[in-house]
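Enquirer: Now for the letters of each chain:
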Amino acid sequence: MVDVSDAALLARVALGDRGAFQTLYRRTSPRLLAIALSMLQDRTQAEDVLQEAYVKVWYSADMFDAAKGEVVPWMIAIVRHLAIDRLRKTKPPDIDRMPEDGYSPQLGEDSQRLQECLETLESEQRQSIFAAFFQGLTHHEIAARFEVPIGTIKSRVRRGLKALKGCLET
Amino acid sequence: MNYENPELLERLAAEYVLGTLHGAARRRFEGLMLASPNVRAAVIEWENRLSGLASALPDQQPSERIWQDIERRVFPEKDRTTYFWRGRAILAGALILALVTLFVFAPQTVEREVAFVSEGNATPLWVVSVNFDTGELYTRAVSAKALDLDRVYQLWMLPQEGAPRSLGIMPVDGRTQTQRFSPALLDLLKTATGLAVSIEPPGGSPIPTPSGPVVYQAELIEI
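Order-wise, the sequence lines are chains A and B.
Going letter by letter, the first sequence gives residues 0 to 169 in our numbering.
Going letter by letter, the second sequence gives residues 322 to 544 in our numbering.
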């Protein structure tokens with residue numbers, strides 16, 4: 000099933016095909032675990048979230064909107080929301096382990112447009128978005144991390160996202 | 322809050338996907354997603370926009386027990402596999418536009434078979450499954466689009482012997498269709514060598530076999 004698209008695999012999963020589900024797992028789980036680990040900073044917790052995420056994928060595959068959605072972004076969203084749920088229930092993350100101010104991720108080849116658009120943002124906007132995406136931090140935690148008032152962070156995130164959308168649409 | 326305000330909707334969707342919407346605001350927004358296709362569409366767009374960020378992280382291979390735990394949770398009964406479809410379909414003179422695979426599985430107590438019709442790497446056109454317990458054939462148009470007003474797709478099975486037998490007009494544009502067939506036809510289907518799709522006038526072929534071109538053909542692969 001090497002040549003089968005993710006969407007095709009997910010359509011089979013929606014009909015209960017276990018083989019397709021396993022193929023989808025093998026293909027996508029290393030990326031999804033990377034995200035869970037980045038947010039939770041704990042391998043056991045990240046693997047728990049990964050497991051929850053695939054159980055959810057199995058049971059909600061028929062809810063996937065094949066007309067508008069893309070499979071991997073949909074799965075990434077599932078993992079991130081589960082990781083966020085877990086972060087909110089546990090003690091606040093250790094903000095000292097957050098990336099440096101100049102953190103500048105190198106995105107994959109398929110995401111070069113996103114990379115370019117991120118580079119058009121103000122550095123503070125970019126860093127706030129990264130802290131939320133990669134660490135799952137709340138506005139409060141980002142404000143503590145960068146030692147600025149929460150209103151400032153809210154506005155950086157809001158403006159950053161708006162500018163990012165504007166750039167991606169041009 | 323006025324959720325019909327497009328600017329507000331856009332901002333909430335973006336923050337929901339990023340993860341900075343929390344507490345009661347997040348729950349309210351999730352309720353809104355269930356109720357409104359516009360809200361869901363805005364969320365999907367943001368998922369597509371932001372997911373590329375994840376490509377910055379090096380892949381992490383999960384330990385093998387994770388898959389075993391997932392399997393235990395979603396497949397509670399022991400896997401039982403049966404093989405119905407065998408061989409290959411050969412339609413002399415058929416115009417084969419698509420590589421089509423068919424696969425077999427038998428979850429739990431119900432024996433089913435699924436034909437999965439795809440064009441190369443693209444999204445599947447249709448997914449077809451048969452439940453031999455209830456005699457139901459279920460067809461879902463995943464990406465197959467309507468032709469024009471005076472042409473439809475018709476599904477055929479190719480029995481081991483004799484002429485193709487109609488399995489009905491196929492749904493298009495995201496629709497699904499459930500049909501029930503006689504035990505005699507189901508017996509033929511169990512040993513059929515393939516499926517085929519032809520283009521026909523509205524209402525289907527005026528004769529018992531395809532009258533129009535066969536455009537897709539199912540190669541039946543045992544897995």
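Be a bit skeptical, because a hint or two may be false.
With a Cα cut of at most 16 Å, we get these calculated EDC-like pairs of lysine to aspartate or glutamate [stated by the list, open to error]:
1. A:K153 <-> B:D494
2. A:K88 <-> A:E123
3. A:K67 <-> A:E118
4. A:K88 <-> A:E118
5. A:K164 <-> B:E328
6. A:K164 <-> B:D494
7. A:K67 <-> B:E328
8. A:K164 <-> A:E118
9. A:K161 <-> B:E366
These are computed hints drawn from the structure, not numbers from a lab.
Enquirer: Each hint should be assessed against the structure and marked as holding or not.
Expert: A quick look at each hint next to the structure:
1. Proposed proximity of K153 (chain A) and D494 (chain B) is contradicted: the alpha carbons are some 42 Å apart, above 16 Å.
2. Between K88 (chain A) and E123 (chain A) the alpha-carbon distance is near 28 Å, which puts this suggested pair outside the 16 Å criterion.
3. For the hint linking K67 (chain A) to E118 (chain A), the alpha-carbon distance of about 27 Å lies beyond 16 Å, and the restraint is violated.
4. Between the alpha carbons of K88 (chain A) and E118 (chain A) the distance comes to roughly 33 Å, so the proposed pair goes past 16 Å and is violated.
5. Between the alpha carbons of K164 (chain A) and E328 (chain B) the distance comes to roughly 12 Å, so the proposed pair stays at or under 16 Å and holds.
6. Under the criterion of a C-alpha separation no larger than 16 Å, the hint pairing K164 (chain A) with D494 (chain B) is inconsistent with the structure, at around 30 Å.
7. A threshold of 16 Å between alpha carbons decides the hint, and for K67 (chain A) with E328 (chain B) the separation of about 20 Å lies outside it, so the pair is violated.
8. Only pairs whose Cα atoms come within 16 Å are accepted, and K164 (chain A) paired with E118 (chain A) is accepted, the gap being roughly 13 Å.
9. For the suggested pair K161 (chain A) and E366 (chain B), the alpha carbons sit about 13 Å apart, so the restraint of at most 16 Å is met.
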